[in-house]
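Colleague: Protein chains in written order, with our numbering: chain A, 8 to 393; chain B, 8 to 393.
Hints are supplied without guarantee of correctness; some may be wrong.
Just so you know, same-sequence chains aren't split out, so a pair can sit in one copy or run between any two.
Once the Cα atoms are required to be at most 30 Å apart in a straight line, the calculated DSBU-like pairs of lysine-lysine come out as [unchecked claim]:
no., residue 1, residue 2
1, K45, K166
2, K158, K92
3, K14, K95
4, K356, K163
5, K34, K122
6, K147, K58
7, K122, K199
Since the hints were made in silico from the structure, they are not lab data. Bear in mind that the values here come from a model prediction, so they are computed numbers and not experimental data.
Number of protein chains: 2
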Amino acid sequence: MGINYKKELEDTAKSMILVHEPDTLIKMILRTIVQKVKITHAGILLYNKEKNSYILTISRGPVGLKVPAGFARIGVDNPLIRFFKNQKMKTLFKNGLVYEEAKSLLDKGVEPELKETLEQTLRQIEMFEAVACVPSYFMKELIGIFLLGKKQDETKFDKEEADFFSALASDVAMAIRNAQLFKELVSELDKKRQLFIHTTIALAAAIDAKDHYTHGHTSRVTSLSLRIAEKLFQKEKKQNDENFLEHLHIAALLHDIGKIGIPELILNKGSQLTDDETKIMQEHPAVGANILAPISELGDSLLGVKYHHEKYDGSGYPEGLKKNQIPFIASIIGVADAFDAMTTDRPYKKHISKAEAVDEIKNSSGKQFDPAICAALIELYHEGRL
Amino acid sequence: MGINYKKELEDTAKSMILVHEPDTLIKMILRTIVQKVKITHAGILLYNKEKNSYILTISRGPVGLKVPAGFARIGVDNPLIRFFKNQKMKTLFKNGLVYEEAKSLLDKGVEPELKETLEQTLRQIEMFEAVACVPSYFMKELIGIFLLGKKQDETKFDKEEADFFSALASDVAMAIRNAQLFKELVSELDKKRQLFIHTTIALAAAIDAKDHYTHGHTSRVTSLSLRIAEKLFQKEKKQNDENFLEHLHIAALLHDIGKIGIPELILNKGSQLTDDETKIMQEHPAVGANILAPISELGDSLLGVKYHHEKYDGSGYPEGLKKNQIPFIASIIGVADAFDAMTTDRPYKKHISKAEAVDEIKNSSGKQFDPAICAALIELYHEGRL
Numbered sequence: 008m009g010i011n012y013k014k015e016l017e018d019t020a021k022s023m024i025l026v027h028e029p030d031t032l033i034k035m036i037l038r039t040i041v042q043k044v045k046i047t048h049a050g051i052l053l054y055n056k057e058k059n060s061y062i063l064t065i066s067r068g069p070v071g072l073k074v075p076a077g078f079a080r081i082g083v084d085n086p087l088i089r090f091f092k093n094q095k096m097k098t099l100f101k102n103g104l105v106y107e108e109a110k111s112l113l114d115k116g117v118e119p120e121l122k123e124t125l126e127q128t129l130r131q132i133e134m135f136e137a138v139a140c141v142p143s144y145f146m147k148e149l150i151g152i153f154l155l156g157k158k159q160d161e162t163k164f165d166k167e168e169a170d171f172f173s174a175l176a177s178d179v180a181m182a183i184r185n186a187q188l189f190k191e192l193v194s195e196l197d198k199k200r201q202l203f204i205h206t207t208i209a210l211a212a213a214i215d216a217k218d219h220y221t222h223g224h225t226s227r228v229t230s231l232s233l234r235i236a237e238k239l240f241q242k243e244k245k246q247n248d249e250n251f252l253e254h255l256h257i258a259a260l261l262h263d264i265g266k267i268g269i270p271e272l273i274l275n276k277g278s279q280l281t282d283d284e285t286k287i288m289q290e291h292p293a294v295g296a297n298i299l300a301p302i303s304e305l306g307d308s309l310l311g312v313k314y315h316h317e318k319y320d321g322s323g324y325p326e327g328l329k330k331n332q333i334p335f336i337a338s339i340i341g342v343a344d345a346f347d348a349m350t351t352d353r354p355y356k357k358h359i360s361k362a363e364a365v366d367e368i369k370n371s372s373g374k375q376f377d378p379a380i381c382a383a384l385i386e387l388y389h390e391g392r393l
Numbered sequence: 008m009g010i011n012y013k014k015e016l017e018d019t020a021k022s023m024i025l026v027h028e029p030d031t032l033i034k035m036i037l038r039t040i041v042q043k044v045k046i047t048h049a050g051i052l053l054y055n056k057e058k059n060s061y062i063l064t065i066s067r068g069p070v071g072l073k074v075p076a077g078f079a080r081i082g083v084d085n086p087l088i089r090f091f092k093n094q095k096m097k098t099l100f101k102n103g104l105v106y107e108e109a110k111s112l113l114d115k116g117v118e119p120e121l122k123e124t125l126e127q128t129l130r131q132i133e134m135f136e137a138v139a140c141v142p143s144y145f146m147k148e149l150i151g152i153f154l155l156g157k158k159q160d161e162t163k164f165d166k167e168e169a170d171f172f173s174a175l176a177s178d179v180a181m182a183i184r185n186a187q188l189f190k191e192l193v194s195e196l197d198k199k200r201q202l203f204i205h206t207t208i209a210l211a212a213a214i215d216a217k218d219h220y221t222h223g224h225t226s227r228v229t230s231l232s233l234r235i236a237e238k239l240f241q242k243e244k245k246q247n248d249e250n251f252l253e254h255l256h257i258a259a260l261l262h263d264i265g266k267i268g269i270p271e272l273i274l275n276k277g278s279q280l281t282d283d284e285t286k287i288m289q290e291h292p293a294v295g296a297n298i299l300a301p302i303s304e305l306g307d308s309l310l311g312v313k314y315h316h317e318k319y320d321g322s323g324y325p326e327g328l329k330k331n332q333i334p335f336i337a338s339i340i341g342v343a344d345a346f347d348a349m350t351t352d353r354p355y356k357k358h359i360s361k362a363e364a365v366d367e368i369k370n371s372s373g374k375q376f377d378p379a380i381c382a383a384l385i386e387l388y389h390e391g392r393l
């Protein structure tokens, strides 16, 4: 009657509910079983839908176990799997199969059909060096099989223990299912996030391509804006604010989206713009904000688009905001935008070197640009990260 | 020793792990408690982070209970909450507070500090007509308090029952936390989905706006494509394939994205296009596919963009595909696109009526257009849904 590990295993099973990484969860439960039940090893064969087979995870006790090569994964037609899927066997061995019991049953003689299946299954169990197998069903589907190694004190698994493991197996099945559902959701979320970012990148690049003079501008400004923000967070030893970076990322990708509303003749004019043309050109941040305004989920990203041409001294557009009136997200994009404009060729304006551009930004610190952001840019330059 | 409901409540608690809707979960556990423990009512005060207060959910037994007005939600400074957050009380009443025991403790006399808190708490408990309260902690935070009404057989809650409810409360706390995490994830996923769709709609509309003759074209084609697809699914009594509809939705929104690569002079030319201009104009599906090609997550949506100008008889572009060679998603958009082009004014081509357009589509069935899709469109017309 050595079932004194019951409470501890039950507690572990209960706390499993909040472990949402299926692999971690499986290892955790196997390790606990090996330690508490004091067995040589414990394993689980877990159904994998995509591969339509059962994957083996083993936790070794102090004794160790060599899993036969090729058994890290077994098919649905493996005797052991067929055994626990078989309706008759399910009824006979619903709380699991203890090797010795099954063996003596076989020795006593059983009906022919049962005999062959049982023999094959026992051979399979021998390969895993298991002394007991406990199936784990979820909604009548066999989602896994626990494999239990020998007890270190050489005692045998009794009926009560088999019952206990059977109940445990169903809890574990539910916890694993819960973790899998969680993981699927997280991966779907990640996919949607990627879809959004990649689509935004592709469309921003397409709009970029309309402006013959700014090839690759959007992706450079985006990358530089993110580096500046990281530097600022690092300097202020603030917690890296993921939300801010995500908003900045999106805002930088979309900052010139309003150019879609600027006639190509103005956008690609090879000479100096007239005053009227300049006015139209300067509408692009406001046009961009109008295009994006219906997207409530964009949050602060919208501010980055709308105000990236504001200047620290109030000389910018569209609203002539000053200093702290300018959203920080917009000020960062503004500096990155200016730096990229200086260091790439534009109509009637050759590019200057990075060193010269950094000097210009330094001179405009506290005038056109926010000093904190200029300082971050200068630091990046000295670190060779511009 | 009336704790014969233990097994049933434990089983309910275990199966809770896969209930991922917090409200359903809470109602389920309360209902089970009322039924199995046979009490007049059971309630739970559950912490709500956003509102920084505890929200009451009550399950009524046959006797019924009027909750005092204003107590559907209580603040963190409510005596009952303060009681179970108080370190001293936590130690003294860690497995819950049985009203009568606390009352007799009070009558016997306790230290002044304890006295006032306890008195206030008991008054609060009286208002809920509870005979016992069991706190539920998660990671040392008070996430909820169970309120238990009188037993119908008028017996009292004993120590063993209090212990049992205390353990149950911690399981429930974990299950609720699990469900809340799930719900948060689902809502985040939904938000990302909306963000993507809304951004695509906004950008598609902006690109639409470049083409002066097709105002609102994209949104009309999208809506019509989805209606056609739903009709097709309905006719074939197929399972409504959510993935297909999602891909179609995105493809329809982006079908003319390639127009961003067409010079405005051609796009907005008020007269018949020259052959060369037509050739450039006809590049838009391929240009669109090129823009979107890096977005691997788009899947079949890309096919809809690339092939929406292919024709059933092979007379379309860019590849002159025929019949089943044309992806179904593209054929649907093609018909919706053609219908919208006919029923709206274009340069040098006035619109025709819906009835006339339907006739034209009918005549082109099996020639330019896939007969199944034409049939769906015609049905929509007769239902007044065009």
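Colleague: If any of the earlier hints don't hold here, list their numbers in rising order.
Modeller: Going through the list in order, the structure violates hints 4, 5 and 7 and respects the others.
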